[in-house]
Amino acid sequence: MTRILTLVLILVTAGAFAQSDTTIVTLPPDSVQILNADVPVVSITADDLDNELGSQNVSGILQSSRDIFTATAGFTFGAARFRIRGYDSENTLVTMNGVLMNDLETGWASWSLWGGLNDVTRYAQVHTGIGATRNNFGGIGGSSDINARASDMRKGIRISYASANRAYRNRLMITGSTGMMKNGWSLSFSGSRRWAEEGYVPGTSYNAYAYFFAAEHKINTKNTFSFSALGAPIVQGRAGIAIQEAYDLAGTNYYNPNWGWQNGKKRNARMTFDHKPLFMASHIYAPNDSTKWTTSLIYTFGRDGSSGMNWFDAKDPRPDYYRYLPSYNATFDPELAAQQTTDWSTDQNVQQINWEQLYFANGKNLYSVENADGVEGNTVTGNRSKYIIEEQRADPSRVGVNSVYSRELKNDQHLTLGGSFNHQKTHYFKTIDDLLGGDFWVDIDQFADRDFNDTLISQNDLARPNKIVREGDVFGWDYDINTRLVNLFGQYEKKWNKVEVYTGIQLAQTSFWRVGKVQNGRFPDNSEGKGPSNDFFNFGVKAGGIYKVTGRNFIAVNAALLTRPPTSNNAFLSARTRPETIPGLSNETIYSGDIGYVVRFTKLKGRATFYYTKLKNQVWSRYYYNDDALTIVNYSMSGVDQVNMGVELGLEANLSSTWQLTAVYAGGDHRYSSRPKATITRNNSAEVFASERTVYWENYRVGGSPQTAASLGLRYNSPKYWFIGVNGNYFGNMYLDPNPDRRTQEAIGSYVESDPQVGQLLAQEKLKDNFTLDAFAGKSWLVKGYRIAINLSVSNILDNQDFRIGGFEQLRYDRTEVNKFPPKYNYLYGRNYFAMLTFSF
Amino acid sequence: MNKMNIRMVLLGIAAMVTVVACKKEYDAPPVRTLPSGDILTIADLKAMYLGTSITFEEPKSVFATVTTDETDGNFYKNVTVQDATGGITLRLINSGGLYIGDSIRIYLPGIVLEPYNNLMQLTNVDVDNNIVKQATQRYVQPRVTTIPDLTANIGAWQSTLIRLENVQFVAAEAGVTTWSTPGGTSSVDRHLEDCVGNQVVIRNSPYSNYAADTLPVGKGSIVASVGIFGMNIQLGAQSISGVQLTGPRCGESGCLPEASLNESFNLAVNNTDLTLECWLNTFTLGTRKWKGGVSGPDSYAEAKPSSFDGAVETWLITTPIGYTPGMALNFKSALGSAWQHDGLSVLVTTDINLNDGGDVSSATWTPVTGATLATNGTAVGTWIPSSPIGLNPFLTAGDNFRIGFKYIGSGSAGVPNQTTPYRIDDVTIQ
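Which chain is which? The protein sequence lines are Y and B, in order. Once you know that position 240 of the first sequence is 240 in the working numbering, the rest is easy, because the numbers rise by one and skip nothing. The working numbering runs 841 ahead of the 1-based position in the second sequence.
Chain Y with its partners taken away, still in its complex shape (with noise of 0.2 Å):
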């Protein structure tokens, strides 16, 4: 009976969480969650992360058994891309069993590690904004600590099959874990198979596998040794983004331009190729009821390719270049322009990558290489491959070590203190993956080629000039980035009858350098060996409380300062090719606080939060084609200030045993703050376009996030075992990301006022607010013994198929034509669904 109406109770909180499938793991109430009833402790899955959105690195799609908000906002307004607090990844902090996940170069956690692992990885704890932890001293947007310890899994065997029409179309799960047995060990595992012909979007397969192994020993009652294993390959074809013309002339605003037909298949061009497996043992030594010592180690390699096209010396192969697009031959050549968009409409070859083009193009383009291989002399004569696929990678390798003692005091204190160090080496090069019926490939920069009249500055390895690279070889660029980060942080915690306080403090030291393999022609001096080192030192410091005003009213306060080092994937002005910095590289400086007001009545929850962040000193770095210079410049800015203040609302009220009412609100303003110098330099030269360029970028909007968002749901429990609900959500102020060199001085130039260019430049384009409807249901067997469930959801069922949840402005501008580089943008997925079937025993 008992199960039974666990299983009730595990099923009915599910409903909660529309999209998901996973359950809820109640977790035993402790200090930490009292002192932070205003951050909620919510566990997460990582269910559609690894999805279609292109960045393989969403900070979280957050589930909460205790926060309204934080739950639809995590997942709800996850589809639309909202991010909490508008933060980006780096600042929520992510630990598998205490151990920092986040990626030492960009900051990100990299859900995908893990993705199809959500047997597992759902036993989280997530902390939202600053708050007290005990793993780590946290983030600005709090962390979330991932428990993959065997004996923590729940005992038994689940196995699941579920439908969808979203990145993948099916997914095969099984899980067991022993639960701890009778001679102190414990033994999980848990694997997966994620696939699809094609996804949600034309052209875009998936094929991923999922295993995580993890076993524990508890020798004695003082110690406790755990090791865990996981890894998560993936072959996936990706999803592009075009304008809206491209949309337009396709018919659908999920064209994607990456596949065309080869042998009356879809190939996409752009695939990922990810395996990166995880190792980690674990030391938890409790020598009794108040002390707690984990020390934990990990190791992490593997592969992270992403493929694409190149060419040399021929046309565009995207068939949504803009020349190839009737916008822009209509006023010079309007009659090619009315062919163009015959084109693009009627033939697939159009608008789709013709690969068979590209393997005829490179099938006949005999060519010799003289001096090949640097070998004087040496002609190389074969078909050189106009049209190839190569593949970027990006191979980390990381070794870390973490330790954390924790301790209750007398008088209701807690003290935490840790420390760890990573070491982050990863390896950058590109191999040729498909020279698509040609012989060979030269190596040398097809721009540098262009721009001087040297033929050594073109060469990307001057040991082998006129290198021929073939299928698997290396080619292009090839140099580490190695990151270290030491860490050392410390908390007290205390409580007393009507208040609760903590404070922590944290000391890091970041350094990142750059090791270059190959010595390029553009910068023979610097672009081998180990480069310069970048050091920086860190500190934070973070403090809170709660005021109980009641025993069901509360007042919650947290703040934090902290610097912090500019990540190293901003921090190189051209990584590729020389180990030179940006100039003003220098710390981050974060200020962010908040208050809230919480209510906890049986009928009636929720949550009221005021929020204030400063991020002070930013860098941001990009390289795009600049029409100007005619080739492809590094465009990076420092002091970059940006604030993020708005308020959080959700309620969650009772209406009667069976309906249940939410209401959820994010009200946001995220404005840059600051006017940023900018840096532009020649991507294959030494060569500097222009310095402190000021970019008067004050009080432009923060692109990348719905600011505001509303949703209200209600939902009917049935006792029966069944549930059904309903959400309506609304997501306003929406904003493209401002391209920086369109405000400036420069690109206004002699433009006065009146003339159109002017506004058009300047002008921050503001994204249609809209409207989605959610619904789910569920409803649950228990069979001689076995669960059975099945679990459904559907998503924009109104199948809005015109909402742009994002995009950005092109860098690439021209400030006397300013729409013929228009944005790119993303819509929601039109009417989606996920449903699955569970058997657990």
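Below are the EDC-like pairs computed for lysine to aspartate or glutamate, each with C-alpha atoms no more than 20 Å apart in a straight line:
#1 Y:Lys266 - B:Asp868
#2 Y:Lys265 - B:Asp868
#3 B:Lys918 - Y:Asp627
#4 B:Lys974 - Y:Glu356
#5 B:Lys918 - Y:Asp316
#6 Y:Lys364 - B:Asp868
#7 Y:Lys768 - Y:Asp669
#8 Y:Lys824 - Y:Asp769
#9 Y:Lys266 - Y:Glu356
#10 Y:Lys517 - Y:Asp395
#11 B:Lys974 - Y:Asp439
#12 Y:Lys364 - B:Asp967
Since the hints were derived computationally from the structure, they do not count as laboratory data.
Starting from the known structure of chain Y, arrange chain B on it as the hints suggest.
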């Protein structure tokens, strides 16, 4: 339950181990071929044009060899090809893919034959779809010609490769302006001339990777394709390496300054006028030059008056040298017969453009003092080292200069009798 779970767990692990995500090779699709059809020559093509443009539809082909390409940016979407019957310009839909020396078959369907300002072109050429490469590195030798010949054959030679020799950029441009205007958007005209003043236009793109380089000063040869605009020739340089304008300009000495000099007159032929590359052997009085002298293993230069010539002033002038501080002159001198007079003097000039006696006369010469010379009392045939003569009193850094060995004599008829032959050898300047 525990046992069963363990078994399940182990089974699960075993299953996981077999899981591999592998990259699958894509099958190459069957690729179409382009039939040859009828074969036309470039002359056939030109003959087909009767005043209206022709769009080819039938499968016909032309074999030709690429003579100019886009590699250095001087041409964009534009190459020239030629066969034995002539040349034609190809206008490409997309840049890239054709290189000098490519022997190609042009598959004509889709291509349009039409002139542009009298230059016959094949337009709408899609390299990926219209070109089949037969071979590479079949370099066409340019036709060596002159500006007048070129002008006379403008029509027949259009889009073919030529080499003009003995031409230079006009004085207003040579060494003054750049090949083109980098950052500009249209090509610019520059002007080549020969030594008698015939001119021809060479047109250069601002996108070439040498557009910002200054035009060469010298005279020499240049390889270009013959373009036409209306009634005028517009040459297009094939590549910067085909521009060999390094010689002296029309009317100038043909030698560029050397960094040092070491001359032992080993090539001297006995009693024959000396000819040394870049040296000047001439006279400003009389008609005699310095002659070679060979005596056993020893060879040297010798000057003397003719018995019948009367007074002579004979100059042996070194190749131009670039002065660097600390440079010293060394040589040795000897008498060819018993001493009668001091006939040898050493001078220096920075007027290095010396081509004949007239130039020598009008040049400014400074005596180089301090040399020890064979003189009264020196035994005949005995070499007297000059001892090092520092040149810094006469020159400043960066000067280009020549040293002149001046011999004067008057022949036996002269008074006083100035007939002593003087010899010099082992001239070094370093």
